[in-house]
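**Q** Letter by letter, the chains look like this.
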Amino acid sequence: MAVETTTRAKLRWGLLDVLVIVFAMVPVLWIASLSFKTPATLTDGKFFPREWTLDNYKTIFDTDQFVRALINSIGIALVATLVAVVLGAMAAYAISRLDFPGKGLLVGVSLLIAMFPQVSLVSPLFEIERQLKIFDTWPGLILPYITFALPLAIYTLSAFFKQIPWDLEKAAKMDGATQAQAFRRVIAPLAAPGLFTTAILVFIFCWNDFLFAISLTSTERSRTVPAALSFFTGASQFEDPTGAICAAAVVITVPIILFVLFFQRRIVSGLTSGAVKG
Amino acid sequence: MSISATPTGANTAVEETRRQTTVPTQRGGRRKPPLSENKKAERRLGWLLCAPAALVMVAVTAYPIIYSVWLSLQRYDLRFPDQREFIGLENYVTVLTNEFWWTAFGVTALITVVTVAVELVLGMGLALIMHRTLVGRGLVRTSALIPYGIVTVVAAFSWRYAWTPGTGYLADLFSDGAPLTERASSLAIIMLAEIWKTTPFMALLLMAGLALVPEDLLKAASTDGATAWQKFTKVMLPVMKPAILVALLFRTLDAFRVFDNIFVLTAGGNETSSVSMLAYNNLIRGLNLGIGSTMSVLIFITVAIIAFVFVKLFGTAAPGSDDGERR
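Sequences listed follow chains A and B, in order.
Numbering of the first sequence is given in this note's numbering, commencing with residue 1 and proceeding in unit increments.
Numbering of the second sequence is given in this note's numbering, commencing with residue 279 and proceeding in unit increments.
By construction, these hints were calculated from the structure, which means they are not laboratory data.
The structure presented is a predicted model; accordingly, all values stated were derived computationally and were not measured.
Be aware that one or more of the hints could be misleading.
Said to hold, decoys possible - Quick list of in silico lysine-lysine cross-link-like pairs, DSSO-like style, CA-CA up to 27 Å:
(1) B:K590 - B:K512
(2) B:K519 - A:K162
(3) B:K590 - B:K519
(4) A:K173 - B:K317
(5) A:K162 - B:K318
(6) B:K519 - B:K509
(7) B:K317 - A:K162
(8) A:K10 - B:K512
(9) A:K46 - A:K58
(10) B:K497 - A:K10
(11) B:K512 - B:K497
(12) A:K170 - B:K317
(13) A:K10 - B:K509
(14) B:K318 - A:K170
(15) B:K497 - B:K519
(16) B:K509 - B:K497
(17) A:K173 - A:K162
(18) A:K173 - B:K318
So that you can see chain A by itself, here it is in the shape it has in the complex:
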């Protein structure tokens, strides 16, 4: 009987699992399906394509508009991630390990920024960046991305850092290492998984942004893919851009799917801050 109940329980959980998977996957499959449809079948209203084609992908990779936006997206997100994780790691280490006045203030400020309505920054940044001549440039987007990624980085990393066995640091210091050496030689290697997880979360955040991307850019020079998508017109002005938009959407979704497939455990632990117990 016990066996029977576990089978039934498994079945019930299995059904719930399927429900979640369908809920999560349908919109993604739909846009992928649209991207493979031929222009003739695009408006047939069927969920799966009847005729498959790769033309939409050829179209977008033939246009400068998309390729340029993709390069911008990748470059801007990578630079912002790198800087945010380095600065965030420094601050998170200080917050979780050192005693200094002003610590509470920093934690408070980053909490405030995490909750900050980004649209409130659009108007002043628009004006300031025009004056500084960084409007519509990479740094013009990288700066706000770093700012809004920092609270995320600091919180996630502080949580990771707290789970590191700090006795090792004490031992290193007893052996004559300075605080800075203890950080570099002992703690940094232990913190690497946390850093990596944080980098993924920050990258997803930057990759995702739309508001700053359409407000602080005006040309292909620095427009990222999400922003470019909303200006997409297809190969010629008279072509329906649906297929091209869907193909571009799929291209920028692929890295996210890969991250999620390979690093599900890390992302979940990063977001729940319940990382590996030290």
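On the provided structure of chain A, position chain B as indicated by the hints.
**A** Below, chain B without anything else, positioned relative to chain A:
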């Protein structure tokens, strides 16, 4: 949440280790200069490590928000730069007596309340599934992360085409076609898109709370004959309360910023603009920096009020309010 610096108590752990190693020394004691040097070095390192992050955050938010207040007190339309002048609170009067502003405010409030409420329920269900499922835990968690990770604009396009007559698989659900051209159905679709995208995030935050529920307690409750519902309300919910409040705070403030989905789905047509959408339109499309900034400041104040109310509710459970104690 302590915004002011309160080094004492905030670092009990660090304080304790120090006390152990420096028993004979008083604070700043001069008899043992090496230790005091050590403390000074620690302070200096602490400031040094935090300075870059703090500088960037303050430079990119504090200064602009102050500048934004300054801009909001001026008549400043980039199409008529000659007419730029200081006009005091006139912009605020203009915005606060404008019906578009209040419509957008109502839409934003509606979307915030409905989506956060639905997400709390769905997110709790999803968190329970991800936490307790007997089969395919990895698979469920992986697929739940996809809505979280996907670019909002991409998801929004998927929903838009799903409801577009002729193209979409969902368009026929409404007999009169074009649901994205009606106000009520547009709002419903915007909320659906928001809920789909952010329920997993809510669920992950709640799952962090679920992980804190002691298994023994649940077993003990079962032995005492508690039903599943009783276990949920009497054992799990109380333990999860801080996690629930954190999740609610983050999601509420995030929902209040709703922009991407509306931009793609309706572009604010049929009175579906949120306050962010309206501010963006005045600013980037209308190039009216004065009015746009005024809206920015008003949104900032609203968010600050929401945050303040939540923090009052939190008490000491605020995230990061006390970092040293949980080691």
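**Q** Please go over all the hints and tell whether each is borne out by the structure.
**A** Quick rundown of the hints versus the structure:
1. B:K590 - B:K512: holds, 24 Å
2. B:K519 - A:K162: This hinted pair holds, its Cα atoms lying about 22 Å apart.
3. B:K590 - B:K519: Holds - the C-alpha atoms of K519 (chain B) and K590 (chain B) are around 14 Å apart, at most 27 Å.
4. A:K173 - B:K317: holds, 14 Å
5. A:K162 - B:K318: The hint holds at about 23 Å.
6. B:K519 - B:K509: holds, 14 Å
7. B:K317 - A:K162: Judged against 27 Å, a Cα distance of about 21 Å means the pair holds.
8. A:K10 - B:K512: Holds, at about 25 Å.
9. A:K46 - A:K58: holds, 23 Å
10. B:K497 - A:K10: This hinted pair holds, its Cα atoms lying about 19 Å apart.
11. B:K512 - B:K497: Within the cut-off at roughly 13 Å; holds.
12. A:K170 - B:K317: Holds, at roughly 15 Å.
13. A:K10 - B:K509: Holds, because 20 Å separates the two Cα atoms, which is no more than 27 Å.
14. B:K318 - A:K170: With Cα atoms ~18 Å apart, K318 (chain B) and K170 (chain A) stay inside 27 Å; holds.
15. B:K497 - B:K519: It holds: about 20 Å lies between the C-alpha atoms, which stays within 27 Å.
16. B:K509 - B:K497: Within the cut-off at roughly 10 Å; holds.
17. A:K173 - A:K162: Cα-Cα ~18 Å, so holds.
18. A:K173 - B:K318: holds, 16 Å
Of the numbered hints stated above, none is contradicted by the structure.
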